[in-house]
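Undergrad: Chain by chain, the residues:
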Amino acid sequence: MLGAAIIVFRESLEAALLIGIIAAAARSLPGRNRWLAAGVAAGVAGAFVVAAFTSTIGELADGVGQELLTAGILGLAVVMLAWHNIWMSQHARQMITDARSVVQDVADGKRELSAIALVIALAVLREGAETVLFLYGIASQGETTGQVLAGGALGLGAGALVGAALYMGLLRIPVRWFFSVTAVMVLLIAAGMAGQMARFLIQGDIIPAIASPIWDTSRLIPDGSALGTLLHVLAGYDARPSAMQALFYISALAIIVIGMRLARQRPARLGAA
Amino acid sequence: MKHVLALCLALPLAAFAATPEFALEIKDHRFSPEEVHVPAGTKVKLRVHNQDSTPEEFESHQLNREKVIAPGSTASIFIGPLKPGKYTFVGEFHEDTARGVVIAE
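Protein chains in written order, with our numbering: chain G, 1 to 273; chain L, 1 to 105.
Hints are not guaranteed to be accurate.
[To be verified] EDC-like, lysine to aspartate or glutamate: derived pairs with alpha carbons at most 16 Å apart:
1) L/Lys-45 / G/Asp-62
2) L/Lys-83 / L/Glu-66
3) L/Lys-45 / G/Asp-205
4) L/Lys-83 / G/Asp-216
5) L/Lys-27 / L/Glu-92
6) L/Lys-45 / L/Asp-28
7) L/Lys-45 / L/Glu-66
8) L/Lys-86 / G/Asp-216
No lab work stands behind these hints, which were simulated from the structure alone.
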């Protein structure tokens with residue numbers, strides 16, 4: 001039971017922290033909770049579908065279907081997070097001064113919320129599929145289903161608690177700095193996902209590693225340690241990245257920062273009105 | 001520019017050069033063999049066949065790899081080029097028994 005709890009906690013942590021950050025960033029958008037819930041529900045449903053088809057997916061594309069799917073999910077999530085950050089940097093000033101003025105353009109707000117829902121669905125899908133497979137595995141080898149479910153619920157609850165704590169913590173940040181803090185967090189998560197995407201493409205031999213690893217900080221902060229895991233989730237930390245991973249990471253970071261700068265110079269239509 | 005062009009031409013050619021393959025099996029939540037000797041300095045392909053009736057996740061921080069392997073199926077995992085040394089891996093879903101090491105030499 002404890003084994004199930006630990007693995008489910010580890011898998012749910014990434015999605016929970018992402019949901020915490022995104023939920024905070026979108027706090028002044030109307031209908032936020034409905035969109036967040038829809039994202040989680042779609043992600044859970046998707047996780048069961050992916051888990052059920054693991055074998056089929058694995059055999060696609062000469063045995064690297066799983067890498068392609070994971071890389072695709074990560075790539076789409078990076079695009080949506082980039083969109084979110086650019087949208088936010090266009091609207092942040094308005095949100096600080098008057099939360100209500102942002103929602104005047106309903107269609108615009110809906111696009112942003114649907115991007116957020118998609119990011120959350122993708123995160124839940126990716127981590128959820130592994131969780132479903134793992135729980136299925138231990139349920140089918142002795143441990144009673146009740147115990148497995150209890151362990152899973154415990155792990156999920158602990159993960160959700162950490163996400164909720166991050167959310168509460170973020171909300172305490174003064175409004176002046178709030179959007180800058182969440183923007184930096186989302187930026188690092190997006191860059192980290194881009195790096196992970198490269199890692200899966202390298203694992204499937206679709207792109208070259210160029211040089212691997214380009215550095216090794218596994219003695220300083222091991223990947224599996226608590227700090228390593230937290231940094232991995234929040235900033236894409238990898239103790240032994242390849243040059244290609246670093247290239248993806250830096251490129252995503254640069255492109256999103258440039259996009260945010262451009263968006264800030266060209267304020268939203270609403271702001272001009 | 002010339003170098004970039006040469007690199008672009010060389011990359012697909014390098015990909016065509018046969019990648020050495022190494023077969024592993026997962027049975028009763030253990031890897032067999034538990035020690036895999038591979039050449040250092042070149043990309044190699046691990047073919048991991050999961051004979052158990054439950055899924056397993058091949059995971060190695062040192063190799064920077066993770067892959068879920070469905071019951072009864074075989075997964076391809078490309079690793080390296082590696083520096084000579086030992087690289088441990090585990091089956092994340094059964095970490096207490098499923099352990100192994102890749103030795104690059």
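Undergrad: Take the hints in turn and mark each one as holding or not.
TA: Structure-based check of each hint:
For the proposed pair L/Lys-45 and G/Asp-62, the alpha carbon gap of about 12 Å is at most 16 Å, so the pair holds. Between L/Lys-83 and L/Glu-66 the CA atoms are separated by roughly 19 Å; this puts the pair beyond 16 Å, and the hint is violated. The hinted pair formed by L/Lys-45 and G/Asp-205 meets the criterion: a straight-line CA distance of about 9 Å does not exceed 16 Å. With a C-alpha separation of about 12 Å, the suggested pairing of L/Lys-83 with G/Asp-216 holds against the 16 Å cut-off.
A threshold of 16 Å between alpha carbons decides the hint, and for L/Lys-27 with L/Glu-92 the separation of about 14 Å falls inside it, so the pair holds. A threshold of 16 Å between alpha carbons decides the hint, and for L/Lys-45 with L/Asp-28 the separation of about 23 Å lies outside it, so the pair is violated. For the hint linking L/Lys-45 to L/Glu-66, the alpha-carbon distance of about 14 Å falls within 16 Å, and the restraint holds. At roughly 15 Å between alpha-carbon atoms, L/Lys-86 and G/Asp-216 fall within 16 Å of each other, so this suggested pair holds.
Consistency with the previously given hints fails for numbers 2 and 6, ordered from lowest to highest.
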